Structures are given as C-alpha cells and as structure tokens.
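*Asks:* Here's the letter readout for the chains.
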Amino acid sequence: GNSVTQMEGPVTLSEEAFLTINCTYTATGYPSLFWYVQYPGEGLQLLLKATKADDKGSNKGFEATYRKETTSFHLEKGSVQVSDSAVYFCALSGMDSSYKLIFGSGTRLLVRP
Amino acid sequence: NAGVTQTPKFQVLKTGQSMTLQCAQDMNHEYMSWYRQDPGMGLRLIHYSVGAGITDQGEVPNGYNVSRSTTEDFPLRLLSAAPSQTSVYFCASRGAGRETQYFGPGTRLLVL
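In order, the protein sequence lines correspond to chains A and B.
Be aware that the first sequence starts at 1, since it is given in the working numbering, and climbs by one per residue.
Be aware that the second sequence starts at 114, since it is given in the working numbering, and climbs by one per residue.
Same shape as in the complex, but just chain A (with noise of 0.2 Å):
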C-alpha cells in the first residue's frame, strides 16, 4: 500500500541556517505529493505540493521538487526563521485513492535566535 516516511525530529536550528526535511514515499504510479504545516494550536495548512515528477512546488521560502527516480519529497529552506517553528508533514494523495491523504509521521523544526 501507499505509505510515507519523513525524518524523525525534533530538528533544532539557529536562525537563517538552512533546512532539509527528507520524506520518501511508496506508491503506485503517479501520486500528488504534499507538505503541509502545523504551528502550535492551529490545524494542517497546506505549504506546498506537487503532481507530477520532477514538478517544484514552492511557497514562502520552502521548496520540495517530486523526485520519481528516487520517490522523494525533500523539503528545503535556505535561512529558516524563528516564525517557521513548527510541525511538518509530508503527505501523499494516490492516483489509486486520489480522495484519502497519507502522512508521514510529521517532523518538529524549533528555530532558535
């Protein structure tokens, strides 16, 4: 079945350092690929998302591209702020079940002045 695996947190950065949050995926086919934000208190809001190979998503400084070759969905940042502290998910919609999303397990970035 369809499935994602991120990188286990918390990850601790300094400001304006450079993040990578690795998620990789199993999947039939052509999935759509998501990474979606949760700051503390809120819900999921979506950050970025891609659907088919080697597409860019990109939003607010943070950028993933779908990598088919390698069935990744790297999130990356080049100088993080304290204001992105927060949880991220990567997540997965299939062309088998295009209606249901599968998540990772989220990851917590805490960005430190």
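Read the hints as simulated data drawn from the structure, not as lab findings.
Being a predicted model, the structure only gives us computed values, none of them experimental.
Don't take each hint at face value.
Calculated cross-link-like contacts (lysine-lysine; reagent style DSS-like; alpha-carbon spacing at most 30 Å) [as the list claims (entries may be wrong)]: (1) A:K60 <-> A:K77; (2) B:K122 <-> A:K100; (3) A:K77 <-> A:K100; (4) B:K122 <-> A:K60; (5) A:K52 <-> A:K77; (6) A:K100 <-> A:K60.
Not close to chain A: a few residues of chain B, all C-beta gaps over 12 Å, as computed [claimed, not checked]: (7) Q124; (8) N141; (9) G166; (10) S180; (11) P188; (12) L191; (13) S193; (14) T199; (15) T213; (16) Q214; (17) L223.
DEER-style ranges, computed between Cβ atoms [stated by the list, open to error]: (18) B:P121 <-> A:T5: 29 to 35 Å; (19) A:P40 <-> B:I167: 33 to 39 Å; (20) A:V82 <-> B:D139: 29 to 35 Å.
Backbone N, C-alpha and C define an ideal beta-carbon position, used for all residues, glycine too.
Go by the hints and put chain B onto chain A.
*Replies:* Using the frame of chain A, we list chain B on its own:
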C-alpha cells in the same frame, strides 16, 4: 467564507459516554473526511465521504460513525468513548479532482 469549521474545540468525556464532533464547510466541496492525530503517528483517516449520502471507512474506523445528509456537514459520532480515542480530531474538505484538502482547526478530545 469561513472555510472548514469544527466544534467543540475541546471536550472531556468519561469512558462509555457518546458525543458528536461537528464539522461544516462553506466551499461546496464534494469530499469531506475525518482524521485523528496522535503523537508520532501523523494523521490517520477515520472516515470519508465523496458526496451527500455516501460515506466509507478509512484506516481506523472502529468506534466511530459518520453520516452525510448535506454537502456542508459531516459529523463524527463516538458511540461509546474509550481512553484510546483520546486524540486531536481534524476535519478536512476538498473539491473534485486531486486538489488541495483544507483542514479545520481541530477538536481536542480527552477520554477519562
């Protein structure tokens, strides 16, 4: 346009009690779903609906019931609450195709 709304925000139940978590969306989305969020496990799908009158089970449906009598509303019912149902519950909705899912703010449930 309120998006996806959920009530209550927080609820404490005793084992064996029943309750209904409310979810509503004003975006005329066909698809609605319920997830639960537990530490270290991400979000897991409980039930979903692809339109009024149509519901189906997700990954963890036991102990929960749903119905979809209107496009706007998708309540989640706990029939007899158990401590294992202590969690944060999120409702989400999505339009046709493989578009973005929009999440509500969540309901935090504690079962004693």
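*Asks:* Determine for every hint whether it applies to the structure shown.
*Replies:* Hints, verified against the model:
no.: 1; hint: A:K60 <-> A:K77; verdict: 9 Å, holds
no.: 2; hint: B:K122 <-> A:K100; verdict: 24 Å, holds
no.: 3; hint: A:K77 <-> A:K100; verdict: 27 Å, holds
no.: 4; hint: B:K122 <-> A:K60; verdict: 28 Å, holds
no.: 5; hint: A:K52 <-> A:K77; verdict: 21 Å, holds
no.: 6; hint: A:K100 <-> A:K60; verdict: 26 Å, holds
no.: 7; hint: Q124; verdict: 16 Å, holds
no.: 8; hint: N141; verdict: 16 Å, holds
no.: 9; hint: G166; verdict: 16 Å, holds
no.: 10; hint: S180; verdict: 18 Å, holds
no.: 11; hint: P188; verdict: 18 Å, holds
no.: 12; hint: L191; verdict: 20 Å, holds
no.: 13; hint: S193; verdict: 26 Å, holds
no.: 14; hint: T199; verdict: 17 Å, holds
no.: 15; hint: T213; verdict: 5 Å, violated
no.: 16; hint: Q214; verdict: 6 Å, violated
no.: 17; hint: L223; verdict: 16 Å, holds
no.: 18; hint: B:P121 <-> A:T5: 29 to 35 Å; verdict: 34 Å, holds
no.: 19; hint: A:P40 <-> B:I167: 33 to 39 Å; verdict: 35 Å, holds
no.: 20; hint: A:V82 <-> B:D139: 29 to 35 Å; verdict: 34 Å, holds
Hint compliance for this structure: hints 15, 16 are not met, and every other hint is.
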